[in-house]
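Residue numbers (this note's numbering), protein chains in the order written: chain L, 1 to 429; chain S, 1 to 871.
No lab work stands behind these hints, which were simulated from the structure alone. Glycine included, every Cβ here is placed at the ideal spot set by N, Cα and C. Incorrect hints may appear among the rest.
Here are the simulated distance ranges between beta carbons [said to hold, decoys possible]:
#, chain 1, residue 1, chain 2, residue 2, range
1, S, Glu523, L, Asp150, 31 to 39 angstroms
2, L, Asp150, S, Gln632, 23 to 31 angstroms
3, L, Glu317, S, Pro267, 35 to 43 angstroms
Here are some, though not all, of the chain S residues that point toward chain L, as calculated from beta-carbon distances under 7 angstroms [claimed, not checked]:
#, residue
4, Val64
5, Val303
6, Gln379
7, His382
8, Ser491
9, Glu493
10, Val497
Heads up, simulated SDA-like pairs for lysine to any residue below, C-alpha to C-alpha not over 20 angstroms straight-line [what the hints assert, rightly or not]:
#, chain 1, residue 1, chain 2, residue 2
11, L, Lys203, S, Ser457
12, L, Lys189, S, Lys464
13, L, Lys316, S, Thr369
14, L, Lys90, S, Val497
15, L, Lys208, S, Pro708
So you can see what is in the structure, the chains are spelled out below.
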Amino acid sequence: MRTSMMGRRTFLRGAGATLALPFLEAAQPKAAKVSAPPTRMAFFYVPNGVAQKAWHPGDTGMEFALSPSLMPLEPVREKITLHTNLDRIKVPGTDGHAQASSCYLSSATPDELSPAGYPLKRTIDQVIADEAGKHTAFRSLELSCNSYRDNRESVYFDNISWYGHGHVARSMKDPQKVFRRLFAVDEHKANASVLDVILADAKDLQPKLGRLDRDKLGEYLESVRTVERQIERITKRQDDLAELELLEPGKLWTAMRRDEYVQVMGDLMILALQTDLTRVSTLMVAPERWDTPLAFHGVFDKPIRHHGWTHNQHKKEVLKDLEKLDLFHVEQFARLVAKMNAVKEGEGTLLDNVMFTMGSGLSSGMLHECTNLPTVIAGGAGGAVTPNQHLKHPEGTPIANLWLSMAKIMGLEKKRIGDSTGLLGNWLA
Amino acid sequence: MEKSSALLDFARIWPVLAIVSMGWAADKPKAFDYHSVSGRPGNGEPTSRLEGESAFEPKGTSRVQGMKNFGPHWSGDAHLLWNGIDGEKMETSFTVPEPGEYALTLVLTLAPDYGVFRIRLNGKVAAEAVDLYAGRVEVGRPLPLGKFPLDQGPQAMSFELMGGNPKARKFRGKGYLLGLDYLELERTGEDPPPKDEPKVGPALSQTPSFKEVRPLLARHCFACHGDKEKVKGKINLKALVSRDHFLRTPELARKAHESVVLHEMPPEDEEQPGPAARRKIAAFLDSVVNQYARENAPLRPVVMRRMNRYEYNNAVRDLLELRGDVFPLPERVIRGDQHFNPASGRFPSEVTAGNRTLGKNQIEQHILTDVDPFAIDLQAEHGFNNQGEQLGTSTILLESLLKLGRSIVNSPEFDGYSGLSSSLLKEDREDMGNRLRPFLEKAFRQPAQEAVLARYSDYYRSEKKRTGSHAQAIKNVLSAVLASPKFIYFSEEKSKVEPRAPVSAHELAQRLGLFIWSSIPDEKLMESAASGRLLNSGELEKQVLRMLADRKSRALAENFARQWLRLDQLITAVPDFDRFNEYYSRIGCEQWKFGLQTMLEPLLLFESILVEDRSVMLLVDSNYAYRSDELQAWYANPAKPFGNKQNRNRFNTKVQKFRKRSLTTRREGGVMTTAAVLTMTSTPLRTSPIKRGSWVAGVLFNDPPPPPPDVVPEIEEDDRVLAAQGLTIRDRLKQHASDQACASCHAKIDPLGFALESFDPVGRWRQSYAKNVPVDASGKLFGDRPFSDVIEFKDIILENPESFMRPFGEHMLSYALGRELRVGDKAAVDEITRRALRDKGKFSSFVLAIAHSLPFRYKTNQESKGEPDEN
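Could you put together the complete structure from these sequences and hints?
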C-alpha cells in the first residue's frame, strides 16, 4: 500500500486512487476537536453471496487463521472481526436476490411485506442516521458501483438502503456528482430560495390526497426538510471545507476500470466520514443478480456473469473463478480499510473509530441461502468492540442482533430490530 | 427435419399463407390477412349513436330522465327510464337510415333497484339475462349485442324483465327499473365476417354449474391438488366445495382458468380431459372470475406517479415550449424524428436515423448545455418504469430536480430555445397573477387556485427585487415550478365515494397526456377538460384520435414499445467477440457494435403500425421490415454478411438509411424473429431457449414464468462444449427438464424457445448446428397445437388472434394506468380485447378502448387494500 502525505491537498483522480488521505483537522467541526472523535459506520455490500468453502475460517477466537478468500486482510487483521452463523429471514414466493439486497439491512419479518411482496422497512443505516445524522451536514450517504448500462433489474435489486416500504434511499453512481454534493457548498445554497414555495405547494396537496398518495407525498416532504437541514449545516462548514483544496475526480466513471471505480467511490466515502460530513454510509459494490456480463479488467480476460457463476459453482473450474472474484472484492475492501487506517485521528486512526462492515444478503448464491451470512467488520467502533477475533455465534443467531448491537454502539437504544432476539454480547466490549 | 427446412426455403413465400404448409394447416380456412387493416378512423363520427332519450319511441311507462345529478357520464345527460314487474316488457323501436349489416352496442344504466332483462331485437333474442344491478347509480359498460342485418326503417326492440339480482332492492316494493342511455350502430365492413370469429368469454347462459364441474375436477385435478397430504403448488382444489369457495379465491380461479385454457394443466403426462370437458371447466372458472370482478373486485388503486426521466423531458419541453429535448435521452433509441408524422397516416419507405450508441457524433443538435438529467427509473420486474409504488422521491432526487430546473432556465441557450422568450420572459404591464395563470394551469394541469397564483406572484416579486431583472425573476419562478410536487407528481383528488369514483375531467386529461404522450396535456385537451366535454365519450374518442395524430404520440413507441419489448437488454448483449466478430463493426474494437442498429428494426415496425394505424398482429408476423443495407445483408447472407469488407469501418457507424423491404420469407417479419430480440435473449456462446422462451411468454403472451427456483443448475455456456458431448441445446434442456421440480415450468417455457432455435445467437438463420446436426424447431403451442417451425408457430398465433391481442392490451393497460393489473381489471381487459378483435387489432382500437375503460376513467378512495389475499 502506497501512502503519501500531501499536506492539505487531496487528489481524487480516478487513476491515482491509491493515495492515502491525510487527516483533515481543519475539516473537523469545532466541537470534535475538543471531544473524542465520533463513532461512524459504513457498509460494503457484495452481491450474490460468496463461495463458502474458501470464505469461512476454521478456527475461532483470537488465534483464527485467515481463510483463502480473506487473505488480503492480513495487513489489517488486528483490526477486523469475523462473524459467522448470522442468519436472515427469507420469505418464499418472491425473488431471493431482490430480498438479499432490499431486505438485508432491515431484517424485516415476513409480516412486514411491502406491496411488492418483499419484507421491507427502514434499514439499519437509516435507523441509525436518525440519531447520528443530527450532527452532520448529510444524514447518510448512499453509494453504488453499479456500472451496468442496461436496466435489466428492478429497484429492489439495486438498493440496500431504504427509508421504508417502497421508499428507496436512492444511491449515487457518479463519483463526480458525489464529490460535488459533498463539497460544492454553493450548489446547495442555490437550492434554498425555492424551498418555501414548493413546500407550500406540497401542503396544498396533502389534505386532498388518498392514503397511499399521502405516503408518496410524505417522501417528498421528508426530502424537502432534509435538503433544508443540509443547506443550513453545510453552510456552517463552508469555511473549513474551502480550506481543503480538493480536486474533483478527473476520470469519467464510465471509463474507469472496475477497481478504480470501487476505490474512487470508497475514497469519497472515507473523505465524507473523516471530514464528519456524515457518520453513516453504504457502498453497494454491485447490484444483485443482473445477469449481464461485466468486465473486471486485470482479473478476467472477458466480461463475466457473477450471478450465473454462483449457480454453477458445483463445477470445479467455475468455483475457482468465483473464488477469484471474491478475492477481488476482499482486496478492494482491504484497500479501503488500509486507507482508513492511514488517516490519523486523535490518538489512533479513523479505522479505530468506525465499524466498516463487508457483507452480503446471501451466503451461498447457489441456493440463495440466508444462513451464515459472510460478515467481516473492520474497525474498533471507538473502543466499543474488540477486534482481531473470529466470533462464531450459536447457530441460528439473527443478523438483526448485529444491527441491534450497532445501534447501541451508535448511541441508539432499540428494543428490537427486525427479527432480533438480543445484543451480540460476546462482541460488545 | 432437414427436408421440411429445405421445403420452406422456396415454398413459404409471401403472400402465400399457411395454405402451402403440408400438414394440419392445409384444411384450415384461409387465414385473415392482417396487412389489409390500416388507417385511423377519421374525424367524422365512426359510429352513429342513438340516444335513449330521443331516438327511441317511448311506450308504456317509459319516460325521459335527466341524469346530470348523478354525474357527467350519461351521453346527452339523460336516459330513457322504464319500470315494471317481472314478465313485463319495455317495448320500443328505433330507426335505421339505410339497410345493411350493423354491429350494435348498447349502453344501459346500472343502479341498486334495476332489474335483469332479456333483450330482443326484431323478435330475436340479442342478449340473455342482462343484470343491471350496481351498488350505486352509474353508466354500465358497453354491451355488444352482435351483428345484425337490418332493413331500412323502424326496428323493434324489447326488454323483458326477468327478475332482479338477489342484492337488488325492489322499486316501489314490487318491480325493477331499466335505463337506456344509448345504442351505437356501426356499419360493418364489406368483408364477410371470418367464420371462426373468436369468442371472448362464454355467454352467461352457457355457464356450467359447480355440480357439473366438480366431478371433472375430481377426475383430472384432485390427484395432485387435493387428495394427497402435500398438495402441488399449495393449491388445494378439493377443499373448494362450492362456487362460493371459488369466488373467495378469485386469483386462484383466474390462474386455474389460464392454465386449463393454455393446456398447462393437467400436465402432459396425465390423463387429459376431452375438449368439451376442458371447455366446461374453463367456462366455469371464467364465470367465477367474471362474477367476482363484477360484484366485488374493487379497483386496485393507482399510486400517485412521479414523472420519470422521459416524462419529465417531454413535460418540460411542452411546458416551456422548447424546440427540442431538455437533455440527451438514451430512452430515445431512434435519433431523428422527421419520419414520424402520424397526421399524414403514412410511414415513409425510407428512414434516415442514427442509433444512440453508434457514436458521440450524433448527439442532438438542439440540446441545452450543462443540463444534467436525473437517473433513470428502473423497470418493474414485470412491467414498466412508471409504477407509482416504485417511483420514489429521495433527498438525492430532490436535489437533482432542484438543480436541474435551475440549470435549464439558466442555460445560455435557453432564451433562443424556449417559446416563452416571446411571452412570459418579456416585460409587460399586466398583472403578474394574470400572466402566470395560464402557465401555472398548464404546469399543474388544474385550474389555478388564488392562493397558488399569489404564492408564485409573491415569489416573482421577491426575486425581481433580489435580482433586479424581470427575465431572471421569471426564470426563477419557472425553476420553482419544475420542482413543485404539483408539477412532478400526477396527483388526483381522493375520491370520497366508496369504493370508486370517476376521475374529474382535468384528471382524465392528465391521464391521457401521460398515457399517449408521456407528457402533460396541451391547450386543446385542457380546454376540453375545462368545459367538461371530455367526460363525454364521443369527445373522449375525438381527443384520443387527435392525440394519436400528433407527433407526440411517438412516446408510445419510445417509452411503451421499448420497455414492452425489453429492448434495453440488447445494449449489453455481448456475443463472443471471436466467434461472432461480424457483430462488431471493427475487428479488435468491442465498443463498436453492428448489432446495435438491429434495435431499430422492431421499433420502426412498431412506429409504422402506429402511424398507419395498422393491426398489431403485424408485430407477430409482417411482410415488410425496415432495415439498413447491412442489416438486410445480415439476414440475406448470414454466412458472410459484409462480403469481403475487412477489418475497419465496414459500415457507417453514425447514420443509416433504413428502407422498407418486402420480405421474401415468412421466417422473417414481426418482432420475435428480429436479430435484436434473438441476440439479446442469447448468451455469448450459444442460444438460450429458456431466455427466448421466457421472453416470448412474458412479452408476447404476458404470462411471465415465475422466478427460477433456488436450485438452478446452469447449462454449459458454449454450444461447442455441448456438441463435443454429442448434444444439442435442446437435448441438454430435455435432460435438465426431466427433473420433476423443473418440469412443469420448462414444459411451458422451452417449446416457445425451441421455435426460435433456427436462429443462431446473433439472429441469423441456420438449418443445422456444427457437424450438420439438424436444428429441431418443432414443438407444441398452447398445449395442443403442434408446429414444425417458426412459421407454423406464427400461424398458430395468427389463427388465435386473441392469444396475442389480449396480452398486448394487458401490457398497454398496465402502462396506461401505471400499475400492475389484477383480477378486478378483467372486465376491462375483456372489453379492450373485444374491441380490438372486432377491429382486427387496429392500433388505435387498443388506445381508444383503454381510454374508455373503467380503470382508466375511475379512481379509488385508496382506503381498501385492493383485493383479498391471493390464493
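Task: Those earlier numbered hints the structure runs against, lowest number first - done: Violated hints (numbers, rising): 4, 7, 10, 13, 14 and 15; every other hint is consistent with the structure.
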